[in-house]
Amino acid sequence: MDLSITRVDHGDRTVVHLGGEIDVYTAPLVREKLDEQIQAGRTDLVVDLTNVTFLDSTGLGVLVGRLKLARTRGGALRLVGTEERVLKVFSITGLDKVFEIHPDVESALAAAEAEASRPPTVTPGDRRP
1 MDLSITRVDH GDRTVVHLGG EIDVYTAPLV REKLDEQIQA GRTDLVVDLT NVTFLDSTGL
61 GVLVGRLKLA RTRGGALRLV GTEERVLKVF SITGLDKVFE IHPDVESALA AAEAEASRPP
121 TVTPGDRRP
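Okay, so the sequence shown: first residue is 1 according to the UniProt record's numbering, each after it adds one.
Derived from the structure by calculation, the hints contain no laboratory data. Here the structure is a predicted model, which is why all the values come from computation and not from measurement. A couple of the hints might just be wrong.
Each pair of labels, with its calculated beta carbon distance range [to be verified]:
#1 117 to 28: 31 to 41 Å
#2 119 to 24: 42 to 52 Å
#3 119 to 32: 27 to 37 Å
#4 53 to 118: 28 to 38 Å
#5 41 to 84: 31 to 41 Å
Using N, Cα and C, we set each Cβ at its ideal position, and we do this for glycine too.
Whole structure, please, built from the sequences with the hints as guidance.
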């Protein structure tokens, strides 16, 4: 099992750095660690895949599930990645249209900050007192 997981908080945001291989053997640990953050109320996550060398469908499933979970709790999950082999998996599956994928942690954090500073949008039909 070749996987490293570290976490760094940046204000209200948490960056989870992953390294190594995310596959059927290591994906449950990734799920557990991301769930710990979400359960603790840290729902604005940046998952750094820069040092991930391999990602299979099990790992993709974990990331999609955590994205949905974070969103249901009013948060977001952004990805950071530059490894061509890993990015290709997102492209082939069409998940590059689902996830925000940034080239570095700084740009992911900046995007999160920009989103947080925007006023909330009201869709037609919303009635707020």
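Residue 28 and residue 117 - C-beta distance against the hinted 31 to 41 Å:
36 Å, holds
A range of 28 to 38 Å was offered for this pair. Does it hold for the Cβ distance of residue 53 and residue 118?
36 Å, holds
Just tell me: holds or violated, for the beta carbon distance of residue 41 and residue 84 against 31 to 41 Å?
Given a distance of about 35 Å, which is inside 31 to 41 Å, the answer is holds.
Regarding residue 119 and residue 24, is the given constraint of 42 to 52 Å on their beta-carbon distance met?
43 Å, holds
Between the beta carbons of residue 119 and residue 32, is the distance compatible with 27 to 37 Å?
36 Å, holds
Every hint, counting from the list given before, is met by this structure.
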